[in-house]
Amino acid sequence: MSNFFSYIVQGTAITVGVTLIALPFGLVLGLLMALVHTYGGKLLNRIAAAYSLLMRGVPPIVLLFILYFILSGKLINLSPFWAGSLSLGIVSSAYQMEILRGALLAVGGGQMVAARAIGMSRLQSIQYIILPQALRLAIPPWSNEASIVLKDSSLVYALGVPEILRRAQQLSATTQQPFLAYGIAALIYFVLVFATNRALDYLSERTKLPTHP
Amino acid sequence: MTNPILETRKLTKIYGQNIIFKNIDLKVNEGETIVIIGPSGTGKSTLLRCINLLTPHDGGQVFLDGAEITAKGHDEDQVRQHIGMVFQNFLLFNHLTALGNVMIGLTKVKKMPKEQARAKAMEELNRVGLADRADHYPGQLSGGQQQRVAIARALAMDPRVMLFDEPTSALDPELIGEVLGVMEKLARDHMTMLVVTHEMGFAREVADRIVFMEKGSIVEEGSPDDLFYHPKHERTREFLWKISELYGKKEKEKTGAA
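Order-wise, the sequence lines are chains A and B. Everything in the first sequence is counted per the numbering used here, starting at 2 for the first residue and increasing by one. Everything in the second sequence is counted per the numbering used here, starting at 232 for the first residue and increasing by one.
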């Protein structure tokens, strides 16, 4: 029984690892795309919009298979763990892009005008004025995306990465106790998602700008 | 005769088919306070934005200290450092304290060392009477206080000229006075200012010259006395009458008596 439990728990490290690679990778890529979409020229804007449309229009698992076969093919040869994590990050980048784009728009054009008016360049305005405000606004919707990525990390199971779900399935097959195996898996996911959301709620609260004297 | 700090020559702005303003010739001399008045939608705000290159113009030229800033290849970011701007809706940086708002141009644009920037920013906050609110965020300040911080933010860059775009229009009536007070003090200290406003009291008391604009053109300009008491154009008289009626009985009596 204790063996049973620790076998699944070991998968937790892999699940957390996949998420900790996919989320930041998706954030960097998504932020880049959001900036290009909002402040880039017409061409860049279209490219970013097409990227978002395509990535969000296909089921994540299908994209995961396609990206996986690119990233662990002949040209680039990554391990299933890395290929799976980065693929998940790419899928997430399109969603994170939309979150950040909304946040950039919510900050409003006036802040950019005011920044330019004191002599800042566009890049400086984005760096010092727009982003610090946009990132604050993005935390609550980003928290939602973080829990989605955490849960979607179970998809890399299909690529043979021994994370929580894969281990649960193996145990279910060998011990004939599917309820116990999948129940433990579900519980671990729930705890992870719950903790992530609480941590981000706390961050959101801590970075909130004061409005009352 | 002094050279103008700011000059526009035949400045023109067109949006599609719409002429916003056309052939605007304006001179602002050192230490002068010029007030632009006129009905809404006359292009007054757009004129200010074209002057500091926030909005591209469609014709004519703008000169700052004799140099044409509308010339091709002129560094816009450099120009804007020398032209302060105060907006109708304040536009303070919401994620920065009052002090941070005033400091950021100094540290990031002028690359001033932090301590020196802090001292300079405190000085400017002091000038607008808000040194005690230095660590407050915009959300913790009243509209009038926010606008005064915005003025301090612009002043910190040591601009050659300050542009004010209806700085009191978004304020509750009881907060207008504190902002106008700061502006009056600046005028007395011979800051060069170009002010778009509907505050006729301010225009009459503080302006060296008033420019009446309508439908994208300058109808008339002159000293406050000339415009208020001896306007050359019927439209100027009508406008001043209307606005005085709107903005207070006291104004109306004075202009009415003229």
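Fair warning: there could be bad hints in the mix.
Said to hold, decoys possible - Distance condition first, Cα-Cα at most 25 Å in a straight line; then the derived DSS-like pairs of lysine-lysine:
(1) Lys351/B with Lys303/B
(2) Lys43/A with Lys303/B
(3) Lys473/B with Lys463/B
(4) Lys258/B with Lys416/B
(5) Lys241/B with Lys209/A
(6) Lys463/B with Lys241/B
Just so you know, these hints were derived from the structure itself, not from any lab. Treat the numbers as computed from the prediction; the structure is a model and nothing was measured.
Item to complete: Quick one: which hint numbers does this structure break? Sort them smallest to largest.
Response: 1, 5
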